[in-house]
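Each chain is listed here by its residues.
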Amino acid sequence: MHNRASLFLGLGIMALSAWAAISAWAWPKKAAMFPLVIAIPLFCLAAAEVLWVLIGAARAKGEVMDFQLSKDVPQRTARLRTLLAVGWTLGFFAMIVLLGFPIAVPLFVLLYLKIQGREGWVLSAVVTLAMWGFFYGLFDQLLHVPFPNGWIQDWLGLR
Amino acid sequence: MRTMFALIALCLVVAVAPREGQAATDFAGKTITIVVGYKAGGGYDKTARLLARYLPNYIPGKPTVIVQNMPGANSIIAANNVYSVAKPDGLTMGTFNRNLPIAQLLKVDGVKYDMTKFAWIGSAASESTILAIRDDLPYKTLDDFKKSNQTLVIGATGPGANTYDFPLLLKDLLGLKLKIVSGYSSSADIMLAIERKEVDGRAGSFSSIEPFIDRKLVHPIIRARATEPGIENLPVDEDLAPNPRSKTMMALRSAPEVVGRPYVLPPGTPEEIVKIMRDAFAKAINDPALKAEAKKGKMELNFVSGEEALKVMREVLNQPKDIVDEFGKYVKFGE
Amino acid sequence: MIDALLQGLFLILQWKALAFMLLGIGLGFWVGLLPGLGGVTALALMLPFIYTMQPHEAFAFLLGMHAVVATTGDLTSVLFGVPGEATTAAVILDGHPMAKKGEAGRALGAALSSSLVGAIVGAFALALAIPVVRPLVLSFGSPELFMLAIVGLAFIASLSGQGARGMLRGFLVGGLGLLLSTVGQDPQAGVARFTLDTLYLWQGLDLVAVLVGLFAIPEIIDLVVRGTSIAGNTPSDHLRKGAFEGIRDTFRNFWLTIRCSLIGTFIGITPGLGGAVAQWMAYGHATQSARNAEERLGFGKGDVRGVIGPCAASNSKEGGALIPTIAFGVPGSTAMAVLLGGFFLLGLVPGPDMLTTHLPVTFSMVWTIVLANIITVAACLLFLNHLAALTNVRGHVLVPIILVMVFIGAYTANNDYGDLLVMLIFGAFGYFTVVAGWPRAPFVLGLVLGKIAENYLYISVARYEMAWLSRPIVLALLAVAIVVILYPLVQARRAQSRKQANA
Numbered sequence: 000m001h002n003r004a005s006l007f008l009g010l011g012i013m014a015l016s017a018w019a020a021i022s023a024w025a026w027p028k029k030a031a032m033f034p035l036v037i038a039i040p041l042f043c044l045a046a047a048e049v050l051w052v053l054i055g056a057a058r059a060k061g062e063v064m065d066f067q068l069s070k071d072v073p074q075r076t077a078r079l080r081t082l083l084a085v086g087w088t089l090g091f092f093a094m095i096v097l098l099g100f101p102i103a104v105p106l107f108v109l110l111y112l113k114i115q116g117r118e119g120w121v122l123s124a125v126v127t128l129a130m131w132g133f134f135y136g137l138f139d140q141l142l143h144v145p146f147p148n149g150w151i152q153d154w155l156g157l158r
Numbered sequence: 000m001r002t003m004f005a006l007i008a009l010c011l012v013v014a015v016a017p018r019e020g021q022a023a024t025d026f027a028g029k030t031i032t033i034v035v036g037y038k039a040g041g042g043y044d045k046t047a048r049l050l051a052r053y054l055p056n057y058i059p060g061k062p063t064v065i066v067q068n069m070p071g072a073n074s075i076i077a078a079n080n081v082y083s084v085a086k087p088d089g090l091t092m093g094t095f096n097r098n099l100p101i102a103q104l105l106k107v108d109g110v111k112y113d114m115t116k117f118a119w120i121g122s123a124a125s126e127s128t129i130l131a132i133r134d135d136l137p138y139k140t141l142d143d144f145k146k147s148n149q150t151l152v153i154g155a156t157g158p159g160a161n162t163y164d165f166p167l168l169l170k171d172l173l174g175l176k177l178k179i180v181s182g183y184s185s186s187a188d189i190m191l192a193i194e195r196k197e198v199d200g201r202a203g204s205f206s207s208i209e210p211f212i213d214r215k216l217v218h219p220i221i222r223a224r225a226t227e228p229g230i231e232n233l234p235v236d237e238d239l240a241p242n243p244r245s246k247t248m249m250a251l252r253s254a255p256e257v258v259g260r261p262y263v264l265p266p267g268t269p270e271e272i273v274k275i276m277r278d279a280f281a282k283a284i285n286d287p288a289l290k291a292e293a294k295k296g297k298m299e300l301n302f303v304s305g306e307e308a309l310k311v312m313r314e315v316l317n318q319p320k321d322i323v324d325e326f327g328k329y330v331k332f333g334e
Numbered sequence: 000m001i002d003a004l005l006q007g008l009f010l011i012l013q014w015k016a017l018a019f020m021l022l023g024i025g026l027g028f029w030v031g032l033l034p035g036l037g038g039v040t041a042l043a044l045m046l047p048f049i050y051t052m053q054p055h056e057a058f059a060f061l062l063g064m065h066a067v068v069a070t071t072g073d074l075t076s077v078l079f080g081v082p083g084e085a086t087t088a089a090v091i092l093d094g095h096p097m098a099k100k101g102e103a104g105r106a107l108g109a110a111l112s113s114s115l116v117g118a119i120v121g122a123f124a125l126a127l128a129i130p131v132v133r134p135l136v137l138s139f140g141s142p143e144l145f146m147l148a149i150v151g152l153a154f155i156a157s158l159s160g161q162g163a164r165g166m167l168r169g170f171l172v173g174g175l176g177l178l179l180s181t182v183g184q185d186p187q188a189g190v191a192r193f194t195l196d197t198l199y200l201w202q203g204l205d206l207v208a209v210l211v212g213l214f215a216i217p218e219i220i221d222l223v224v225r226g227t228s229i230a231g232n233t234p235s236d237h238l239r240k241g242a243f244e245g246i247r248d249t250f251r252n253f254w255l256t257i258r259c260s261l262i263g264t265f266i267g268i269t270p271g272l273g274g275a276v277a278q279w280m281a282y283g284h285a286t287q288s289a290r291n292a293e294e295r296l297g298f299g300k301g302d303v304r305g306v307i308g309p310c311a312a313s314n315s316k317e318g319g320a321l322i323p324t325i326a327f328g329v330p331g332s333t334a335m336a337v338l339l340g341g342f343f344l345l346g347l348v349p350g351p352d353m354l355t356t357h358l359p360v361t362f363s364m365v366w367t368i369v370l371a372n373i374i375t376v377a378a379c380l381l382f383l384n385h386l387a388a389l390t391n392v393r394g395h396v397l398v399p400i401i402l403v404m405v406f407i408g409a410y411t412a413n414n415d416y417g418d419l420l421v422m423l424i425f426g427a428f429g430y431f432t433v434v435a436g437w438p439r440a441p442f443v444l445g446l447v448l449g450k451i452a453e454n455y456l457y458i459s460v461a462r463y464e465m466a467w468l469s470r471p472i473v474l475a476l477l478a479v480a481i482v483v484i485l486y487p488l489v490q491a492r493r494a495q496s497r498k499q500a501n502a
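Chains as they are written, first to last, in numbering that gives the first Met the number 0: chain U, 0 to 158; chain A, 0 to 334; chain E, 0 to 502.
Rather than coming from a laboratory, the hints here were simulated on the basis of the structure.
Some hints here could point you the wrong way.
Stated by the list, open to error - On the chain U side, residues computed to face chain E include the following (Cβ under 10 Å):
# : residue
1 : Arg-3
2 : Ser-16
3 : Leu-41
4 : Ala-47
5 : Leu-53
6 : Trp-87
7 : Phe-91
8 : Met-130
9 : Gly-132
Claimed, not checked - With a straight-line Cα cutoff of 25 Å, these simulated BS3-like cross-link-like pairs (lysine-lysine) come out:
#  : chain 1 : residue 1 : chain 2 : residue 2
10 : A       : Lys-106   : U       : Lys-28
11 : A       : Lys-146   : A       : Lys-274
12 : A       : Lys-139   : A       : Lys-215
13 : U       : Lys-29    : A       : Lys-328
14 : A       : Lys-328   : U       : Lys-28
15 : E       : Lys-15    : A       : Lys-295
16 : U       : Lys-28    : A       : Lys-176
17 : A       : Lys-176   : U       : Lys-29
18 : A       : Lys-170   : A       : Lys-38
19 : U       : Lys-29    : A       : Lys-170
20 : U       : Lys-29    : A       : Lys-178
21 : A       : Lys-178   : U       : Lys-28
22 : A       : Lys-106   : U       : Lys-29
23 : U       : Lys-28    : A       : Lys-170
24 : A       : Lys-116   : A       : Lys-274
Computed from a predicted structure; not experimentally measured.
Cβ atoms here follow ideal geometry from the backbone N, Cα and C, with glycine treated the same way.
Just chain U, same shape as in the assembly (with noise of 0.2 Å):
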């Protein structure tokens, strides 16, 4: 796992900085020259990543200082929720693209509540509430934080 991320992430380096030192190659020098600077030496150590990674023992990931997720979970439970996760989120994304901010909110809220959380009616719909009406009165309410209108509603012709 740790070592097919490692894996992934420095070839998507390697990649991104060997994109960024071509196209910085034609700009005028003194825009290009920090770029390349970073671009190229970066590049290199991708690569050194990559390498360790592909020849290296496998040994001991090294420990890192940052969280890391949690281990008291099976596998699969843990790969099934994951992307139940990512998958939530990316939909509530769409979600917004689709329907717009304003009911967005508090469809999201119920849904996940319902069918995820698997809570009671009660709470699901005072928790939704409470979202719903936070979001309103301060966002577009109080801040006129503008939201524009979800692809549904402008295709529906609708405000």
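On the provided structure of chain U, position chains A and E as indicated by the hints.
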């Protein structure tokens, strides 16, 4: 029978007749949004918020006026939005970077608006650009400096901002001995660099440099076309141009400054609505309470009419290709 | 000067000023707590309301609000792993793991008390610095600022993991951060760098969207995976006792708290470095206080020092940022730029006058910061149990709420959907780095410091050519940077030799 026909005819006439002085020009109960192309706290935003508080008194129906921020790409995003997304019903207006006509002129990628097609309300202020240098330098006027044959270091934020463009043209077209050091994160940082004697001066809007002039840190030595009380007697860059080409370059750079805080309605907004807004703006800007607040907030507001603003836009945008190309060599679109 | 000090105090102890301060505190509390409500925006929105106030009342209101934002922003970071403000993201690294271990009370207690100490140190610095402020700020020119950015970047070494492999990865993500900081229009030639032909990227990657995605998304995924509340299965009375433990922690590590406060103050004083840096440098310094390499690995998993450092720094920074704002009229942070507008509105001219004729007003600002923080911390301590109890709420109820806050937080940065995409992309990046075991802190350092380093380097070279390298402060900072980089290596070497000696 005849009465019936007459009644029906009357109804038809009433139904078909244009609705004058009716709901179309009354904004009662509505909310008007001013879209600002910058984040909250900046100059454009402050002006918009000030106007938002006084405009309702001068618009029929006393609607609520609110401000929405749509920052991004130096307000190109906001301009695009007001140009094509907002409805031309008078409920949305936009204010953004005064240099947007230059972006259009230089055909910057992503520009989806045409400054001449907006329904212009006008400008709430004009900005005058000056070049100011440290007070303790031995040059009190532009001539002193030119005679001395020394080089002055001018701090700037980046291409596209008047901190950079104005001295650049002075250097390249007027031959002034200036060394431009660019990269400061804000014009305020440049002032600090001036205090540190890291740089000798900076260009910028008069209103932003004024507090430092009052404090006797810097004094202005040259200005661009637009003028404000206090700097009328400074030499003007265009007047010193050695040839008509250079003069056009400098005029082109400073033309948008007359339209310092542009306010527009989406293209296609009905004439009567535009007229209402223009009147409202003109009256609001002359409101004594607003003037007092503006003075306290160090904002110098004066109304420039929509017709005048449109004239400036056309002046900027109707330039022959070779002029545009040469201009593009000096000036990029930025802040 | 003493009587100006006392005068300043009496100015804000009048009931009207106090009332405004409490109002400001009340507002600031929520502004800091909620992602999506930025401290700077809130200040800008409040400016029109201060027209009719007296200067000391207006500042009691504005500063009261502003002083509190950093403190409550830390609370959101600890409890939910979502940065309440861009300046409070570093606390997540150790604060949230503590909450996950059921130590939310302790983390909050530590966060609050170190915030208070930081704020007081910052306020004192403001008061004491007044005579020396001008020469101090003036001696830090662009070369010095560049070196300071290098020192900041040097902390990447401390924030990387164990051994050579750790260092490699640390510099890898740090370098990535540096590269990504160049996105946008460059200030030398005006080229639109790496903007992928979009308008959205013209002004670079928005820090808020990146931070929210990088830190909050992995936490949310983890929360769903665990299926429990944030605190896991710890008994609830465990939470209550925590607060005092946290406060004691701050005093147990008193010198660390003071040092981090000083780092924050110092960064606040030097305009041009940006506010986000202080907390990360403080965090890096906190990790150096680990006595050996094993202890250092505890960071990122719930070491209370990782909470104390950033909290102290992000609060002291604001006191520091007031200094150049008041003394020179040059804002020390974005919030200060707005505050400056407030100055003008009230007819005050920042500059030498504020340190002489208007000295009592300046001191009233110092006192406002101190008092506002004391009041906030006291109020939070009262509610601490309720706040900590949130970590016992079922995960399923919290997840949608947190996700909504995360999305709104990213969106309101620029009112652009692009920020949502950025948040998701960096959320994915954050997740993969966590799975791969790579550190994230160096990335943030690179992202935040990259532009600053580049710009000041160019300015230094353009202005002084190569002469700037020999300036005394520059050399001193270079030495500091070298020490910071070598420190973990030296430590590791010493541990090695000790192990061999004992074997």
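Checked hints:
1. Arg-3: Cβ of Arg-3(U) sits 8 Å from chain E, so the hint holds.
2. Ser-16: With a minimum Cβ separation of about 7 Å from chain E (threshold 10 Å), the hint on Ser-16(U) holds.
3. Leu-41: 4 Å, holds
4. Ala-47: 6 Å, holds
5. Leu-53: 14 Å, violated
6. Trp-87: 7 Å, holds
7. Phe-91: This hint holds: Phe-91(U) lies near chain E, its Cβ roughly 6 Å from the closest one there, short of 10 Å.
8. Met-130: This interface hint holds because 6 Å falls under the 10 Å limit.
9. Gly-132: Where the cut-off is 10 Å and the nearest Cβ of chain E is about 12 Å from Gly-132(U), the hint is violated.
10. Lys-106(A) - Lys-28(U): With Cα atoms ~23 Å apart, Lys-106(A) and Lys-28(U) stay inside 25 Å; holds.
11. Lys-146(A) - Lys-274(A): 52 Å, violated
12. Lys-139(A) - Lys-215(A): The hint holds at about 12 Å.
13. Lys-29(U) - Lys-328(A): 16 Å, holds
14. Lys-328(A) - Lys-28(U): 16 Å, holds
15. Lys-15(E) - Lys-295(A): 23 Å, holds
16. Lys-28(U) - Lys-176(A): Roughly 23 Å between the alpha carbons, so the hint for Lys-28(U) and Lys-176(A) holds.
17. Lys-176(A) - Lys-29(U): Holds - the C-alpha atoms of Lys-29(U) and Lys-176(A) are around 22 Å apart, at most 25 Å.
18. Lys-170(A) - Lys-38(A): 32 Å, violated
19. Lys-29(U) - Lys-170(A): Holds. Lys-29(U) to Lys-170(A) sits at ~20 Å (cutoff 25 Å).
20. Lys-29(U) - Lys-178(A): 16 Å, holds
21. Lys-178(A) - Lys-28(U): Holds. Lys-178(A) to Lys-28(U) sits at ~18 Å (cutoff 25 Å).
22. Lys-106(A) - Lys-29(U): Status holds; Cα separation ~23 Å.
23. Lys-28(U) - Lys-170(A): Holds, at about 21 Å.
24. Lys-116(A) - Lys-274(A): 16 Å, holds
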